[in-house]
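With chain D held as given, fit chain C onto it using these hints.
Here is what each chain is made of, one letter per residue.
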Amino acid sequence: MTLTDTNPKPPAKTLKQQLAEVVLTPEAEYFLNRAGQSAQGEAMWRHRKIQEARELLQLSQLAPRFTVEGLNLDTEFMAKLRIRMPVPTMPTMSGRLTLEQEAQFVLTYPESAVRNPSPGTSFVRITKPLRVFHPNVLPEPPQVLCLGTTMLAGHPVREIVLSVFGALALQNVMYDVYDSAGLLNREAAMFFQQSPGQIPLTRAPFFAIEPPAVEGAQA
Amino acid sequence: MRRELTEVSAGDVDHAVVQAPAPLSARLPEIFGAPGDTPARLANLDAFLIGGGSIGMNAAFQLARLQPRRLSVCDPRRVKSESFLTHPITDPTALGRSKALLTARICKAISPRTRVFYYEGAIQDLPLDALADATAVWLATDNLATENYCGELCAHLCKTLVQGSVAGELLISQVRVIANEGGGPCLACGWSDEEWWALHTRTVFSCEGRAGRTQVAPAAGAPTMSIAPLCAEAASQMLLVSLRIALGLSGAPRDEIVTYAGLADSITRTKLKRNPRCTCDHSTWKVVVNAKELSGSTLRELLALAGVSPEAGLENVAFVLDDYLFARAALCGCADHPSVGRFVREEDDPGRCAGCGEELRPHPFHSHREVPARILALQLDRTLADLGANAARTLLIKDGERTTLVRNPERSER
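The listed protein sequences derive, respectively, from chains D and C.
Under the numbering used here, the first sequence has 152 at position 152, and the numbering climbs by one with no breaks.
In the numbering used here, each residue carries its 1-based index in the second sequence increased by 219.
Chain D extracted, bound-state conformation (with noise of 0.2 angstroms):
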């Protein structure tokens, strides 16, 4: 844009203004109903847990490969997620990384994390596929996905979704076996340090569409 400039771009519009304008399906709404209805706690983190269920189906109608399977806002926010994405499991004898297309995992929001800096821990649980093989995933059940050293209070439900995805797909990468920030699992962490070529493990961003899988990487 220039001074001269006349017909000034609108600026791009952030995920939260593009989510307002997401009208629920009648199927969605009626999900969501009944989940809130029975919400307990302040009226407060009532209408909060509401909230960020509806942004998470809201984000589920504009972002293909992204489902939302279960809410349970009894007292924590608790959302049963999938992510149609490459994630990476255990390599095979011969060194070869597999990986599967899909993540599906549990978010959990406690109250207490609104109001208060929380561990990247605290909040998302892979539960498939089963092992992981990932330097920011425990290597065993409950396969606790660290996001971080410290993840703000308050920090939206819908972007800790953008970083699960970013995470797992190596997209933002906490890899650094001499930093413990984030590691969780070392063993990956040397392998994709030692095979950068691999990362990330898709260039496709949330909204796209998964191409199709690619070949596994050799270590």
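The reader is advised that the hints may include incorrect statements.
[As the list claims (entries may be wrong)] Simulated DEER-style distance windows between Cβ atoms:
1) Asp484(C) x Glu159(D): 32 to 38 angstroms
2) Met190(D) x Trp416(C): 33 to 39 angstroms
3) Glu159(D) x Ala531(C): 36 to 42 angstroms
4) Lys128(D) x Ser300(C): 46 to 52 angstroms
5) His47(D) x Arg473(C): 32 to 38 angstroms
[Unchecked claim] Residues from chain C shown here face chain D by an in silico Cβ test under 7 angstroms; the list is partial:
6) Thr422
7) Val423
8) Phe424
9) Arg496
10) Thr498
11) His501
12) Ala537
13) Leu550
14) Cys553
15) Glu578
16) Pro583
17) Glu589
18) Pro591
[What the hints assert, rightly or not] Computed list of chain C residues with no C-beta within reach of chain D, every gap over 10 angstroms:
19) Arg288
20) Arg296
21) Gly467
22) Ala480
23) Ala523
24) Glu534
25) Asn535
26) Gly552
27) Glu577
28) Arg588
29) Val590
30) Asp605
31) Glu620
32) Leu624
33) Pro628
34) Glu629
Just so you know, these hints were derived from the structure itself, not from any lab.
Note that the structure is a prediction, hence the values are computed from the model and not measured.
Even for Gly, the Cβ is constructed at its ideal location relative to N, Cα and C.
Then chain C, alone, in the frame of chain D:
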């Protein structure tokens, strides 16, 4: 995973224990305005000290000389070479040792009659009732997240909180006294914008040793820059203020900051008020001691202690049982999730699925730390032990805006 306080016995002490300690009365003055039962009040003090650093260690040693009934110290850190610059440590072999354990042992040596406990870790790891018996809670930490946590917990438990701090560059020592008598401020109500900013931007959690831990305590913040006499001044102030409160002396600070400005040799007192913008939870809990071990009680009995009648509905009732999860279903390799329906802890042996052979873990979507009571509506007449909670110590029952902490009849210590 919740941890426990450990008691220091006389046999654990490195220093020579004073075999026949003099009674306090040999040196205790008749403090003007103090009640007639001053010796008994002092002998009955139960102080919980969070932070065994330059201020906390000083305060602990001074408190031990009052021969209180009980003294507990909690600190995750170890002595470093820099600690010798501000801490009252005289033994060079203390380098690398736990501050909590070191402080506790020296306190035991000073006052053998005092029961002394320590925990080498963060206060956030301890059970909710760890502070429940304390006469007062002393806070001497430079970790804002810990301050925030302690401030809220003391507000819930209606515990007087005395915090000591220093601003080394201005030779200021300060004591904040939060009475927590309901309706008043919490510790964070007096925080400046800079402190809130620091809490939200500088709190860093350590990922080391994450495996197997449910809760990761925040890493310590930047060390406080100060000098030994100023830290000792803050500790002495904490003790004197606490003494005045314990003895009911008139004019003792309540919901106030007492500031000593070393550059001007002045002392000022500033009232603290509830800050309507403070985001902390200021609710007070009712604390109830159960007549028997929680594990031997049914949920119906425990809910009755909190004044909850299941017949009136459980839609707004939830509870937190120690660090247990209530697992409705397990996660393994099977497509169908095996049903569980019991309380489990993360460190419990998960066992293996008979079908797929994978480890059985609580399914994160079908497990609750804060359990909606309605999902146990059909289990109210089973004991907690029947439901898998054999070692329960505390049960937090939330019923709308009322919260009740039910605890075991005796605090269990090793």
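Hints versus structure:
1. Asp484(C) x Glu159(D): 32 to 38 angstroms: Because 51 angstroms falls outside the window, the suggested range is violated.
2. Met190(D) x Trp416(C): 33 to 39 angstroms: holds (37 angstroms)
3. Glu159(D) x Ala531(C): 36 to 42 angstroms: holds (40 angstroms)
4. Lys128(D) x Ser300(C): 46 to 52 angstroms: holds (49 angstroms)
5. His47(D) x Arg473(C): 32 to 38 angstroms: holds (36 angstroms)
6. Thr422: Cβ of Thr422(C) sits 4 angstroms from chain D, so the hint holds.
7. Val423: Holds - the Cβ of Val423(C) comes within 7 angstroms of chain D, reaching about 5 angstroms at its closest.
8. Phe424: Given a least distance of 4 angstroms, the restraint on Phe424(C) holds.
9. Arg496: Not OK, violated: Arg496(C) not within 7 angstroms of chain D, min 12 angstroms.
10. Thr498: holds (5 angstroms)
11. His501: violated (12 angstroms)
12. Ala537: Constraint on Ala537(C) satisfied, holds at 5 angstroms.
13. Leu550: holds (6 angstroms)
14. Cys553: violated (11 angstroms)
15. Glu578: Holds - the Cβ of Glu578(C) comes within 7 angstroms of chain D, reaching about 5 angstroms at its closest.
16. Pro583: holds (4 angstroms)
17. Glu589: holds (4 angstroms)
18. Pro591: holds (4 angstroms)
19. Arg288: holds (33 angstroms)
20. Arg296: At about 18 angstroms from chain D, Arg296(C) clears the 10 angstroms cut-off, so the statement holds.
21. Gly467: holds (35 angstroms)
22. Ala480: Per Cβ check, Ala480(C) is outside 10 angstroms of chain D; nearest 32 angstroms; holds.
23. Ala523: Holds, since 20 angstroms exceeds 10 angstroms.
24. Glu534: The claim breaks: Glu534(C) does not keep its Cβ more than 10 angstroms from every Cβ of chain D (closest is about 7 angstroms).
25. Asn535: violated (6 angstroms)
26. Gly552: violated (6 angstroms)
27. Glu577: violated (7 angstroms)
28. Arg588: violated (7 angstroms)
29. Val590: Its Cβ does come within 10 angstroms of chain D, the nearest being 7 angstroms, so this is violated.
30. Asp605: Consistent with the label, Asp605(C) stays out of reach of chain D, its closest Cβ about 23 angstroms off (over 10 angstroms).
31. Glu620: violated (7 angstroms)
32. Leu624: The claim holds: Leu624(C) sits with its nearest Cβ about 17 angstroms from chain D, beyond 10 angstroms.
33. Pro628: holds (28 angstroms)
34. Glu629: The assertion about Glu629(C) holds, with a minimum of 29 angstroms to chain D.
The structure fails to meet hints 1, 9, 11, 14, 24, 25, 26, 27, 28, 29 and 31 from the earlier list, while all remaining hints are met.
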